[in-house]
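Following the hints, put chain B in place on chain A, whose structure we already have.
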Amino acid sequence: MNLFIVFFNVALAMLAAPLMWGITYRVKAWFAGRHGPPLLQLYYDIAKLMRRGCVYSRTTTPIFKIAPAVCLGSVLVALILMPGAGISSWFGFKGDLILLIYLLGIGRFFMVLAALDTGSPFEGMGAAREIQFAAFIEPSFILVMAVVGTSGGGLSLSSLFGGTGYHNIASTILAAGAMMMIYLVENARIPFDDPDTHLELTMIHEVMILDHSGPDLALMHYASSLKVWLYGMLVVMIALPTIGLFPFWLYWCALLVGISLVAVITGIIESAMARFALLDIPHILLGIFGMALLSLAFLLYR
Amino acid sequence: MGIFLFLIALLLFCGFASLLRIKGNNLIGIMGPIAAFAGGMPAVFTMLVSKSYIQQSINFPFPFGLCNFEFDIVSAIFMIPLLLIGMTAAFYGGCICKPEHAVPGRPIWFFFNLLMAGILLILVSANTLMFLLGWEIMSWSSFFLICTYHRKNEVRTAGIIYFIATHIGVLLIITAFLLLQGQVEDFNFSSFLIPESGIASVIFILALIGFGAKAGLVPFHVWLPEAHPAAPGYISAVLSGVMCKVGIYGIVRILLLMPEHQPWWGWILLLLGAISAVYGIILALAQQDFKRLLAYSTVENLGIISMGLGMGVLAAEYDMPDISRLFFVGSALHVINHAIFKGLLFMAAGSILNQTGEHDLNRLGGLLKRMPSTATFMLIGCAAICGLPPFNGFIGEFVIFTQGLECLTHESWYLPAAAVLMLTALGLTGGLAMVCFSKLAGIISLGEPRSRAAEDCIPVNPGLRFPLGILAGLCLCLGIFLPLLLSDFMAWKISLIFIILIVLCTGLYFWRRKLAASAHNRTGITWDCGYVGGSNRIQYTGSGLVQPLTRFFKPLMLRKKSVKIPSGIFPDKGRWSIIYDDLILDAGYRQLFDAIKNICFKLRWIQSGHLNRYILYIALVLILLLIWELL
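Sequence lines, in order, name chains A and B.
Per the numbering used here, the very first residue in the first sequence carries number 1; after that it's consecutive.
Per the numbering used here, the very first residue in the second sequence carries number 1001; after that it's consecutive.
Here chain B stands alone, though its shape is the one from the complex:
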């Protein structure tokens, strides 16, 4: 336990040291997360392997009182993405921030270390003040990281949207903690009283919205698709893989702090999760900007995790403790797995963006030939995020699915209904995720390049491939070996089947190669009905690939179409573009905030700037207070 407090101090030290104008200050900043990984992982593994789930706690004397720090199994699970993605992202960022890219006055490593320290503080604190301190550090430092390229207009907009969203969230979280705290003198979680059910429900709702805004659950997700594309790839990896998970951690922590749950809490978590999953993946598949696509897919995956939590709460309420526990296990597995493949995909996307300068996937293509290792790792990430065996995305969804089937046999009315909802939502999400990621993988890395930038791009330097390789390797290894940890099923059979699958497919591939080698093979062009004037532009684009689905789900999205038809005797270039935007941001929040802005503008006459009028206000308030007192 003490090691984590030491690591927080170390990260803070590395962060501040990287600000110094000395040689190698960036290196110090990079070493922080790497040292945290090396120092923290043994403690996390000890906790997970021992299976004792015993909380280790420390009381630390601060000027404002004794603060309690705790390290339990929940912290350990969320610690894995933090340390792992933090380390790989720092390594990746260290290789990318070459001197010619590093612009002075952009202290990325300071904020990066601060972000890690903040999240670490949240995960180990069992004290309201420390928790909120960590939360603020995390929110602020991530804001500055999102605004790394602050000279771009859209980055500043994204930063402001994130800033507003995160602060509305923190307001609700503080309120929830204050309600939970009640009249107790010290701020430690252990001295919380058990709230009565009405207050408990209010606390749950406040915390759900507050933490849900961080986790990116629909309809509180609007900052996420703006912020993730704005930040550099490795920062998005940390934001999506780690910071969003902290929102889930908050929800789990609140559930653990309140021993008595209501069944409808489970329903709300389930519904929010189902809506997030389906809505997230529908918007993801409609996107053209591949980092925005990944951001929406984060919404989808967090939705899956939330569905697992909701079913876990429901199953516990209907007296199925074993099944409830496995739902939580499934969600936890998905937390870890999602961090790994999403970190991989965001960093691969960052590499592709750096090499081509294109963020529209319809203008890419053929990168498997031009950036072989990056594109291969991205393909692995895409297969993993679809939950395809033998990669790691499968096992979490599998556990949630299987427990959903178990719930069907319960004799009550509600639990099977919830399970049917969950199975449907998860099934639809799985099917749509396959579309979304075959689009991402297929359009970017396969076929012919669709633009000059994609045609001329060169491979990234080896240092940037290394962290991707680690994560891709983990996708495969965890996919095969994670099932072995689940003693509740005969899950070793899954591992065995995966190994058989790999061996069989490899065997078939080599057998096929041998057959083909003995015959006469030719190379030519792709079949185009004998027409030889084909260009790369006739290929299907990403938008074309998903058009049948975007057409079907059109009511759920805001369709922005701009057409310019060539006209005149000497027609110039025509244009035709469709962008699918978020209905909730554009038709929901933007309208709401515009309305608030209008009201505020209408009330501007109050602030006239005349001193005598302000004195009148003071007098009026005093008179009102006097009347109040007299009544």
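The shape of chain A in the complex, shown without the other chains:
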């Protein structure tokens, strides 16, 4: 049964993850009064890129080619740790939430290395900003994971379902809010990063993959969409602890709907807000840390 969970988690993520991109962009287009790209646009893009050849810079080393594989591989391995339908993953163990954070770190490390590998000042700039945000967000992510681990007991990702529901409503709301913010930061969305600006200088994540092309770019896009899915899953599970009590099939439908809802919220945020000033973002990230800390404090000292 636990192996089935792994299978379902990975299969659903691999099939549905690029859809979330489409939903977010549809919402944004709807707000702007445009028709917007098809929901399946990212699937088309990936399929097209897979057939194309690559353009490599003479500066690059094998690191540049290894990075897309590592980015995708590490997210897939992170996905096999996730529990589902009230049952822990077969790979789950005590402390797997720490491993999850570190697994997501490998992808980032290699993406930054690949960006520096091109020797492009744009990509260096993107890398500088990406790792800065990542460094500030890491303590918040760990504290949110601490909330998850202690609220359900068991100190593992399966304790996302271990809680008997909203036994501490303030803590849950704060943790879900913090996790939503972490989702926006780590996936390079407005208000922390704007993937759709027209200047390379103003992007963060998108500029780091500027020199990737063909199958490399496809793997990078796919890995990013899986990352969106993974963080979306965490947001849904933290905000809705009772999801673990749902029947098996209903759970997967609820998960899909929940993550789509997160994508819709992302679209609404992106339409309603501008990006924060770059120099203010560290302070806002400290604010997210405050949210996570408060959530943990409510849980521990109630």
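In short, the hints are calculated from the structure, not lab data.
Each residue gets a CB set at the ideal place from its N, CA and C atoms; glycine is no exception.
Be a bit skeptical, because a hint or two may be false.
Residues on chain B that point at chain A, a partial pick, calculated with CB under 10 Å [unchecked claim]: (1) A1417; (2) T1429; (3) Y1509; (4) A1587.
Using the frame of chain A, we list chain B on its own:
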């Protein structure tokens, strides 16, 4: 147990023999650490595998009494970095000290063997005198090793700072041992009395400062970022990987000698560790000299180990013995792992410094193409030190993290608070370490070379790659297989997940290569918006990469900015540089020592040089003593 006494004698013999003016004296010096590795490792493994933790002790008759030597599990854990890094560093040094580099009157191997013998003596002695003898041998020989390039001014400064720091430290350590000793006749640890709690706290504080100065805990770390860049790479590997750990060993030994601990000792260890970790990594990422960067990262890692120890003490005080034990296990794992990847990084840094002559990483770049194996090993070391799976840096931090989460469920007020502090500090350190080491790896080995020296450098000889290869291989193997030793978790799943990760990433890489091979691929230049006049100088530098963070953490560092703006009708070259220095050294200790120096200068009139005045002093002292006696 006896084997270690034999090895100490052997190391001393090899050290003195390397001084002889005979052919192959260097070879004798190199064979010492290698023989020590071959002889000592079986005993260490027997101890670790048997899991009996039984102390083996020997009494050795010396003229001043019976000295007790003991070999227990703690000694065994710290023995691993000593023997392993000692062996690889000796091998590396042996390959680098070719005749044209060897300058007479520089007996590196004498001091190297002496250093190893001293540390070995510290690790096995259960006797105050022997411990302090080993400590002095270690301090002196490492001083001479740091001053290898003594003709350079900054090396001499570094040596003097180290010399002062280590001797203030040893003063405190001697005091601590004397207090612990009390009125007991012989010097063996086993005959120590249990001190009362007030004295025990004084002993702990003295030992913490004394040993902490050796371990490089903030604010006693100031010698470390000076000494490590001054020494040759393989010496820094031993200093950072092994000698700093001896400071941690001292703290652990003192904790073990005193059966009753106070909770606030744990808090102090935790706080010092948290400050060291965060402050160390912030300064590390701001450095431009890559050996200084590694030195500050040593401060960070020792901070992590100290946090683990502090939480271990705290958890034991709050009746969680299992969790406390695992905190110590996590720290021990990090001791071993840090020695391996830091030894690797320092030796790789030494190779890069030798080949390019540049110690500023902003002037390097593209070394993965020019020195492929060294740069690859350095990349592995960087990934390992960030704690990234599947390398060995992960497991120690993982154990400490997980036990920190366990502490959150304790019903008292203090332990969860300590755990939250630890989780935050460790999380922030982890995030910043990622920045620091993506800078080190990315700027040095990737991109285009930023200077002529980096462009023209050639690979090192194969002998120098071999020890790096061993350590890099250990980073990967230990990363995968160390979790299997932890029976407390289902840690075999970590190993399994790591193997899946490696297989999956390799599979994806080859699948991607196959896809790309079937299509039409081209090579070109990096995208630069169509502008074709780009030079290597437009690349992001290391300082640029971390600028958002150095800007944020500016209050914690001393910023030295020097700007020269080109001016005049025919402007010459401009300059613009920012160096981030240690606030604690420059604004703290330097001020303090300057103040002491000023006071001393003001009192110079006492030493006038006139004989009659000195006789007056003697008379005054005698009169004072007389009055004292009469009162």
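Have a go at the A1587/B hint: is there a Cβ in chain A nearer than 10 Å to its own Cβ?
Where the cut-off is 10 Å and the nearest Cβ of chain A is about 24 Å from A1587/B, the hint is violated.
Can T1429/B be said to touch chain A, with a Cβ gap under 10 Å?
OK, holds: T1429/B within 10 Å of chain A, min 9 Å.
Per-residue hint verdict: Y1509/B, partner chain A, C-beta under 10 Å
holds, 4 Å
Close enough to count: is the Cβ of A1417/B nearer than 10 Å to one in chain A?
holds, 9 Å
Checked against the numbered hints given earlier, this structure breaks only hint 4.
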